[in-house]
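A.B. asks: In order, the protein sequence lines correspond to chains R and G.
Here the first sequence is numbered in the numbering used here, starting from 1 and rising by one per residue.
Here the second sequence is numbered in the numbering used here, starting from 1 and rising by one per residue.
Errors might be hidden in some of the hints.
[Stated by the list, open to error] Here are the simulated lysine to any residue pairs, SDA-like style, with alpha carbons at most 25 angstroms apart:
#  : chain 1 : residue 1 : chain 2 : residue 2
1  : G       : K452      : R       : P330
2  : R       : K341      : G       : K352
3  : G       : K445      : R       : G331
4  : G       : K452      : R       : G338
5  : R       : K445      : G       : K352
6  : R       : K352      : G       : K452
7  : R       : K212      : G       : S332
8  : G       : K452      : R       : E329
9  : R       : K212      : G       : V333
10 : G       : K452      : R       : V281
11 : G       : K452      : R       : T373
12 : G       : K339      : G       : N367
13 : G       : K359      : R       : F292
14 : G       : K352      : G       : F292
15 : R       : K445      : G       : T277
16 : G       : K452      : R       : G376
17 : R       : K445      : G       : G338
18 : G       : K339      : R       : K212
19 : G       : K339      : R       : R73
20 : G       : K341      : R       : G376
21 : G       : K445      : R       : Q377
22 : R       : K445      : G       : D371
23 : R       : K104      : R       : G169
24 : G       : K452      : R       : S332
It is worth saying that the hints were derived from the structure and are not from the lab.
Please read all numbers here as calculations on a predicted model, not as lab measurements.
There are 2 protein chains.
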Amino acid sequence: MAMASPHRILSRHHRIPFKFILTRSFSTSTSRPQNVPHLRTYDPHTSLSSLRVNPSRLLNTLHHTSQWGTGHRYGAHPTETGMSRLALSDSDKSARDWFVETTKALGCEVSVDEMGNIFAVRKGREGTEGKAATFVGSHLDTQPRGGRYDGVLGVVGGVEMLRVLEEGGAETGFPVGVVNWTNEEGARFPISMVSSGVWAGEIPLEKAHGLKEVGGGTATMRGELERIGYLGEMPASHEAMPMAAHFELHIEQGPILEKEERKIGIVKGVQAYRWFTVEVVGQEAHTGTTPFNARADPLLAASWMICLSNRAAASFDGALASTGILTLEPGSVNTIPGKVKFSLDIRAPTDKTLDMLEKHLRSDFDNVVADATRNGQEMSVTWQTDSVSSAVYFHDSCIKAVRDSATAVLGDENLAREMTSGAGHDSVYASRRCPTSMIFVPSRKGISHNPKEYTSPEDCAIGADVLMQSVLRFDRQRVATEG
Amino acid sequence: MAMASPHRILSRHHRIPFKFILTRSFSTSTSRPQNVPHLRTYDPHTSLSSLRVNPSRLLNTLHHTSQWGTGHRYGAHPTETGMSRLALSDSDKSARDWFVETTKALGCEVSVDEMGNIFAVRKGREGTEGKAATFVGSHLDTQPRGGRYDGVLGVVGGVEMLRVLEEGGAETGFPVGVVNWTNEEGARFPISMVSSGVWAGEIPLEKAHGLKEVGGGTATMRGELERIGYLGEMPASHEAMPMAAHFELHIEQGPILEKEERKIGIVKGVQAYRWFTVEVVGQEAHTGTTPFNARADPLLAASWMICLSNRAAASFDGALASTGILTLEPGSVNTIPGKVKFSLDIRAPTDKTLDMLEKHLRSDFDNVVADATRNGQEMSVTWQTDSVSSAVYFHDSCIKAVRDSATAVLGDENLAREMTSGAGHDSVYASRRCPTSMIFVPSRKGISHNPKEYTSPEDCAIGADVLMQSVLRFDRQRVATEG
Ligand SMILES: [Zn+2]
Ligand SMILES: [Zn+2]
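Please put together the full structure from these sequences, using the hints given.
C.D. replies: Right under this line is the structure:
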């Protein structure tokens, strides 16, 4: 089993003090926290770095929104259900309505574009009207059998930021905003992140509007936008709604932070990945009458390839290789298969590393076939490329804002780590048009897209604090450079 | 790839002279061969060892019977079709009728038992009436998409033996016979070798009679026996129809003889085999967000197990391990499976070797799981036993008869080799009740249960010669011991 040594991880576990968690106090009231400074107008000499979210209000809000599209119940506690809030469904409309009302009540200007993306913008200091806002963004739609945190935490974290700023009367240098992106999951209309993709100019509006819901229904995206009243008039475009930056708070959807007992992932980008279907053709034969030297067993070859793919990926920094599908023909206990196909999903933090890994694997697989055919049996391997996604690199200034904020909030830089996202997010498209970074918080057991998806209230609050601080730091930086 | 060195095989190839094939003459007429001695009555001092079959008559007969149940055409030549003669079908009835008429015309007494097994017995020397015959046996039924040789060659070889004896007027010491066993393939009524199994007392008559045809039809074995007129009155039993011995000529259905350029397999028995379903349960996870050290990947584990099973089997003399079925859940490109099941078919010439191999593999698989779980991930492996078949050891006296006959017919003992059958045959059940052995002839590319199944006319004739000589040698031996 080609796996990294566990010892490095384990030894780190025991070095991390848990005083942070033990000493941090969590308010259970919704009253204004005591540490909020009173700032009526923007003052570059007054630090906002002591601003913190209200943890219980944050969590109450998150669970409040779960009333729309409540999903599968997995435990007895009221919050122990998943979510089933497909994009542009009635429950999504209710969540959207709440978002619009809430942000309007907080003094924001709310606009909706042709893709139903909702932008809530809070004014900056005088004279910055019309300037691009620094945005927090994520999504309120969920998987059909998803959890309470994926996407929702990011939007609710943005709303909490608006509340903290508003109740503290804090004025930012430039406008700040929160965006709810439409159909991020791609679970109802089958393109993920489709609406940030249109905003970024990378997916044509017509294509997006024409998307039919999955599962055989006839509803289109445009039709559903119209039906629930979220087909806005503003063009879905980074030109109509420019952003100074895009910060996204999201659950990790992986086990790394939990495993390493860290609190914050400073997301530097998104992995490159490539999906292949590898087909190995050998010779169908009887298991009882065909000795090893007369076999061309494609399943044995494929098995060895899968082992080698894991071994090779483990030797490249941050790379992964995985097989999730394997089919064979004809599929009989006493027949050596004649043909095996398997999916190969390879990933790496950079395109260059992924290039090297792919090259390595093509050579490995050729060697397996050469070995298998040394006996005069015929075997072949072919690769079909199914999907290619280049690495995404987030913006240094945003990454720095997140890093500095994490250190400030956590008080210990070892409680944060840099990461590369293994999943796609709206931040990928946002990053094409503005400086972007993401903030990850731990996912229990790495589980996501599942009702049992869970991030502790403490971790949600830490994430929201880092999110807000990142926006405020970026804003300060912006004042310093733009004036 | 755990495979035996090819060099041993290749070097042998080049040592074998082909003079045998080049110098043997094949009659193309159906007139009586010149080498048949004229023997009216049994004479222990007159050797029958020069008796040879008529190759063209043998092949003509084989192809003649293929008119009933002609199958898939794969080439332009009239004989380039497969067979589709399911047991107790109308075409099987026609082939049976031919067998009964032909053997009766050759002076045989023909009897049919309750399973439709047809026994054609040729008298021995005077005073041996009622003594058990030395039998040649195989089957006239085929797979639905089978070939012309599997089973048929054995029956036709028996008929050719009767013809040679009859035209030579040769009298044997004891009766000799040919049996056509019903539904050997198990392709229509789903128990293979069911009728020799009933004869041997190992399968209850009622169970066999009650078998329903596969594919959703309602026909039962008993009903079809009755319908085509082959529900005999004689009990299907080794007591009602005892055998002095059972010899079976059969195509190898594997590539060994062809690969080693040998002509005859002296079959010493049938491999032991065991079929298992191995289930590996790990942890379903996202391929992009789950680093190697947080994975419990059951497909990676299963792949390694498949590699190890091949490696281990190759280290035991004559053993095999094969996987023909592999399924996984949930089956998505970017999801590491949570569960993998695969079939494991292990075989060896002896039960003891198979015991050792199984023990070895259980330990190997446990180690794989232990390796995979060292990181704190949970994984388990469980074995389900689906089928167990003990090794079958044929009878020394029959094996000797085949070996001596092969040497005599081939003139070079290196053109024969001892083998263990990897497939089941009626000889397995026969061997429970009487001395038994089998004779294998080469299968082109090891292909069987396929229209393209092919054994050259020369090899068919050699096999039939060895078959006949084995019966005659066994008969001589019987005279020597029984008087
Ligand atoms: Zn999400
Ligand atoms: Zn057969």
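A.B. asks: Of the numbered hints stated earlier in the document, which are not met by this structure?
C.D. replies: 2, 5, 6, 14, 15, 18, 20
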